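Enquirer: So the sequence lines, in the order shown, correspond to chains F and V. Each residue of the first sequence is one higher than the one before, starting from 1 at the first, in the numbering used here. Each residue of the second sequence is one higher than the one before, starting from 1001 at the first, in the numbering used here.
Calculated directly from the structure, the hints in this document are not laboratory data. The model shown is predicted, which means the values in this text are computed figures rather than measured ones. Errors might be hidden in some of the hints.
As the list claims (entries may be wrong) - Now the stretches of chain V that chain F is said to cover, found in silico as 3 or more residues with beta-carbon under 8 Å:
hint: 1; stretch: 1007-1019
hint: 2; stretch: 1032-1042
Said to hold, decoys possible - Output of the computed footprint for chain F on chain V, the stretches with three or more beta carbons under 8 Å from beta carbons of chain F:
hint: 3; stretch: 1085-1097
hint: 4; stretch: 1215-1228
Using N, Cα and C, we set each Cβ at its ideal position, and we do this for glycine too.
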Amino acid sequence: MHPDHYRHTELPPSTEYELYFGPNHPGIEGNYALKARLAGDTVVALEADGGYLHRGFEKLMEQRLWIQNIALVPRICVPDPVPMEETYARAVETLGGLEVPERAQWLRMLVLEMSRLTAHLFYFGGHAATVGLYTNMFWGVSDRDRLLDCFEQLTGARVYHMYITPGGVRRDTPPGFLDSLSEVLDYVEGRLPKFDDLFFDNAVLVRRATGTGTMDQAFAIDYGVTGPNLRATGLAHDLRRDYPYLKYAEVEFDVITETAGDAYARTLVRRGEVIESLRILRQVIDKLRSVPGPIRCPLPNPLAWRIPAGDAYTRTESSKGELAYYIVSDGSAKPWRVHVRGPSQMHAVQTLEALCVGARIEDVAQIMFSLDACPPEVDR
Amino acid sequence: MSGSLFRPLKALGTLFEAPITLPMAPRPAAERYRGFHLNDHNKCIGCGTCSRICDNAAIRMVHDPELRADPVKGIRAERPAIDYGRCCWCALCVDACPTGSLSLSREYIHISENLDTFFFVPDEQGMHGFGFEHGWDKGDDNDLLAHQRQPMAEVGTEERLGDMREIVLGFDPQAALVEASRCIQCGLCHDACPTHMHAPEYIRAVWEGDFDEAVRQIYRTMPFGSVCGRVCTHRCESACSLHHRGDPIAIRWLKRYALDQLSPERVGQIASEGRTREKSGRRIAIIGSGPAGLTTAYDLAREGHTVVVYEAQTEPGGMMRYGIPEYRLPRDKLDQDIDIIRAQGVEIRTGIRVGEQVTLEGLATEYDAVVVAIGLHQGRSTRIPGSDHPAVMRAVDLLRTVWSGADFEVPRSATVIGGGNVAMDAARTLARLQRRCFGEVQVHLCALEAEEGMLADREEIHEAREEGIRINPSRGPRRCMVEEGQLTGLETVACLSIFDDTGRFHPRYDEEDARTHPAELIVEAVGQMADIALLPKSIVEQLEWERGRLKVDNDGATALPWLWAAGDMVEGPDVVHAVAAGHRVASSIHRSLQNNRGLTT
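Modelling step: build the complete structure from the supplied sequences, incorporating the hints.
Expert: Rendered as structure tokens:
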């Protein structure tokens, strides 16, 4: 029995099917979901859904005092939390007219580059795992752990450091810290040839990553791609050099580029950036040995702290790309609106959706990782 | 490019290296690790700042029945409890703690099936009593509070000696803003204040630039804001949680600042908000127009009662007008406060001494209730030889003479006996008069106590010295020296100790160490008492007395159903205590009148 208005329709036969990729997939970062339309094992279309990780950061920030947000912002990006703190703090400083003391600026650069190192090491491990090279994943994570030890010494915490506060940083370096950090940097540098052997020159990686997820420069610019992903298409664009903040104008480093624009090029850019980060860090350490305090400008009592009305847009070169905060203040004790431009939003939604078309299903995870997309940044 | 198939095999070499896996034993945390909380309960005052700065609402203040609250010292019987289901270990609580009692430890492992164990009140032992070391604690670099008080501008010594101008100039807007911004709104000042002023609220209003609101908050409990903003003994500041690691908030000066920002008319409008317009038909007589009497009058008039205040002097204000020197309390500010009280419908009849023009019995029949708030206007004497000489005055009499504008022959040299604030008032007033008449100051002050034990405020002693007053601590008066009928000086001996072993007043002197202080005038500032001549004998006998003081209950009610007492005569000299007593008496009378207690039989 059918209802009266029922009309049977014949659909044409299809060779395509839909596959849910995530949110609990071992090959995907965080609680991120992809809905893939496949023909055989070739992706016909891909739809990204970041909503599984929505934690309402932007809305939460409106409920919290200016200083309380320093505990919230790093959570937006777990592998690379420091740029979140820095960009938020700089926006508040712009609005409030606060001047960050010189030593604090160097300390901020120190943690920013340390964070970039940890993020890239994490990335090496992650990317390797998507092509089945699990040993490299363990190496990346265990080497990152040595940097986390340094973070723990300096900030008291390993992952969410909550170290940068508007006006400066919260603590000065503990005794002996710069020496132990230098040792770790030497160690990481010494490990790079081993990573080359195991990973960057590994035939498995080279064959699978070359030509995978390729984009050209025009595409990258159209899609708002930034950071290492953009530089892998041959454009030397780096906020640290082009729009220097903190003391980046006073340190020497090169902007690493590749031209192929594929997953392998993106990985090679990050490998080069590890070396540049080490270079920057050594210069920062030298500065920190001589630049005197204070480490924070005088701040009003945090409970009674008002920021003058206005808006500010600040941006930072994070390990993922161009991270920006847009903050509007109505002159009260809490932000009126905070918007986070997470670089991964462009990478993990539009770019990923486009690059995956025509790719094979086993490369979807690799393409996503090679873009170094951080899902929590997508939907704040 | 094809990569190498063989080079990755080099990684096999790590098989012969030591593993880098973490050991099974817990790894020691870094020196400033942010683990579970520690709290030194001896330092913690229960102010709750940690719970207010906490961005996750993870800290709740819980009452600890084993602790004793001490509002005067600014200690609450509360301690923070942490909910580790919410805590994110950001350590803002540590950075914002005003005492430095709170810190985080290097302990980071807690495993339990019992969810209740994740909510706990930290102490010095740590979460499991393992004695983990401090991790992130209060260093020099991570304190979020501003510990330095804004300096208060004062008139220089030379200028201020020339006349009776007010010494303290008051905050400028910038200083007031910075000072108000330091407040962490803990409310310990509110608990400590005798009249429980809403100090956190009006400080917050000053910070927000909302002076209407600030004055509104002040007038909730304080009709003498301009007076107390200048001369209050500020127990609030001794209780302020910021004093543990720095200067307390200048609460008194901020009160003064808020009131000074508005015109007297606007203050009057705000003070009159919420006043009952209906007349109750009840009549209350108040004897004495000092802070206690006028506060009672203010409250009762606002409730719609008819209030008449009887004042023996020619102008209202009591000790505020005839005791406190003008350089500490300008009279126009006092008049402003009193005018606002009058505007509530209070009638003040000056120049009427109860016991002379009217009698207490007469008031008792005419009114539903009577309040005695006559203060302490009779000075005590040292009763040393020669103290009956006409040139030996009590400090209260001297001050009343000077401030009422009566004729007074300024002495070329004077000596004040006493080490309290009244002695300082007398000495500094004389110094100003001498400076005006003779161009130089010759005032000695002889206190029984050693300098550390002197009862006067430190700044009073400091400023008195600045003004050229010679302060002689540990000097006991021996006799007033009179030659041919003229007073010439005061002889003192060194005082070795004031109290005996049982703590009773029993000074010991070194008779060998005698000194003479030149004095055409000697002022005794050794305490005051109430002048109870107005009370008829029959009533004195019906009342209860304790060591010469009238005994009242907590509400100021006496043994007679129609008679209340308030102010200095009950509690000792202090404006803010008198205001507090005035409120208590007023609400007690109001209740009684509603319950038909009182004289209307």
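Enquirer: I'd like to know which numbered hints this structure contradicts. Please list them from smallest to largest.
Expert: 4
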